[in-house]
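Mind docking chain B on chain A? Use the hints.
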Amino acid sequence: GAVVSQHPSWVICKSGTSVKIECRSLDFQATTMFWYRQFPKQSLMLMATSNEGSKATYEQGVEKDKFLINHASLTLSTLTVTSAHPEDSSFYICSARDYQGGSSYNEQFFGPGTRLTVL
Amino acid sequence: AQSVTQPDIHITVSEGASLELRCNYSYGATPYLFWYVQSPGQGLQLLLKYFSGDTLVQGIKGFEAEFKRSQSSFNLRKPSVHWSDAAEYFCAVVLGGSQGNLIFGKGTKLSVKP
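Protein sequences appear in the order of chains A and B. Here the first sequence stands for residues 440 to 558, where the numbers follow my numbering. Here the second sequence stands for residues 26 to 139, where the numbers follow my numbering.
Since the hints were made in silico from the structure, they are not lab data. Accuracy of the hints is not assured; some may be wrong.
[To be verified] Far from chain A by the CB rule (all over 12 Å, computed), these chain B residues: (1) Trp108; (2) Ala117; (3) Gln124; (4) Lys131.
[Said to hold, decoys possible] The calculated lysine-lysine pairs, modelled on BS3-like cross-linking and capped at a C-alpha distance of 30 Å, are: (5) B:Lys74 with A:Lys480; (6) B:Lys134 with A:Lys480; (7) A:Lys459 with B:Lys86; (8) A:Lys480 with B:Lys131; (9) B:Lys93 with A:Lys505; (10) A:Lys453 with A:Lys494; (11) A:Lys494 with B:Lys93; (12) A:Lys503 with B:Lys93; (13) B:Lys74 with B:Lys134; (14) B:Lys93 with A:Lys480; (15) A:Lys459 with B:Lys138; (16) B:Lys86 with A:Lys480.
Predicted model, so just to flag it, every value in this text is computed and none were measured. The beta carbon of each residue, even a glycine, is placed where N, CA and C say it ideally should be.
In isolation and in its complexed conformation, chain A is listed as follows:
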């Protein structure tokens, strides 16, 4: 099956610094990548959707200047948390999908997630 990796799997940073999280599709081309945030005992909340070569589309309430998303290639998307604060501590999950056209559903494949802790 399709594999999506994330790096790092966990990161601890100081308040005010920026952190970059990578999401890679290892064996397929991801025309679309998604970034989710998961709070403890909560659902996955979609933060943004990015299509390769385009600007990301952010969900309501997500600060685009704080959560910078770049989808520069068909296999890599990055999420940069800028000027991180303790309230940004969370579990960030990416997923990737290869849209093959038509009306068929194209499955999303999920990465293992990145645990961010901001001190």
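Chain B in isolation, oriented as in the chain A frame:
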């Protein structure tokens, strides 16, 4: 409000016992329906999905789910639980056609007793 509801936050079952995890949705039309499993250190894995047709859907790892339109439900079942099934289970829907975004329930944590 439109939502995906998983009423059970945490369920504990004995190994070998049967399992049913509940999921209800509140949308006007029947959405695409999914069940995912999340194990520590691993990404969400798709167990099964329902788009149309036969309302009883077979998935991986011995799981099945039944879509009941009258109850707006899509409950996940397994006849005999294994210790390795201990994980977090998420019900999800896709609205607005096949390219819509996944909307997740809050999840149900499954613990398995020896």
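Structure-based check of each hint:
Taking the minimum C-beta to C-beta distance to chain A, about 21 Å, the non-interface status of Trp108 (chain B) holds against the 12 Å cut. Non-interface call for Ala117 (chain B) relative to chain A: violated, since the shortest CB-CB distance, roughly 8 Å, does not exceed 12 Å. Not every Cβ of chain A is farther than 12 Å from the Cβ of Gln124 (chain B); the closest lies at roughly 7 Å, contradicting the non-interface assignment. At roughly 5 Å from the closest C-beta of chain A, the C-beta of Lys131 (chain B) falls inside 12 Å, breaking its exclusion from the interface.
With a C-alpha separation of about 23 Å, the suggested pair Lys74 (chain B) and Lys480 (chain A) falls inside the 30 Å cut-off, and the hint holds. Taken as a hint, the Lys134 (chain B) and Lys480 (chain A) pair is honoured in the structure, with Cα atoms around 9 Å apart against an allowance of 30 Å. At roughly 35 Å between alpha-carbon atoms, Lys459 (chain A) and Lys86 (chain B) are farther apart than 30 Å, so this suggested pair is violated. In summary, the hint linking Lys480 (chain A) to Lys131 (chain B) is supported, as the alpha carbons are separated by about 7 Å, within the 30 Å threshold.
As the CA atoms of Lys93 (chain B) and Lys505 (chain A) are separated by approximately 42 Å, the hinted pair breaks the 30 Å bound. In summary, the hint linking Lys453 (chain A) to Lys494 (chain A) is supported, as the alpha carbons are separated by about 28 Å, within the 30 Å threshold. Distance check on the hinted pair: Lys494 (chain A) and Lys93 (chain B) sit about 39 Å apart at the alpha-carbon level, beyond 30 Å; violated. Using a Cα cut-off of 30 Å, the hinted pair Lys503 (chain A) and Lys93 (chain B) is violated, with the two alpha carbons roughly 39 Å apart.
Annotation: proposed proximity of Lys74 (chain B) to Lys134 (chain B) holds, straight-line Cα distance about 20 Å (limit 30 Å). Our distance criterion of 30 Å between C-alpha atoms is met by Lys93 (chain B) and Lys480 (chain A), whose separation comes to about 27 Å. With a C-alpha separation of about 39 Å, the suggested pairing of Lys459 (chain A) with Lys138 (chain B) is violated against the 30 Å cut-off. Of the supplied pair hints, the one linking Lys86 (chain B) and Lys480 (chain A) holds, its CA atoms being roughly 24 Å apart against a limit of 30 Å.
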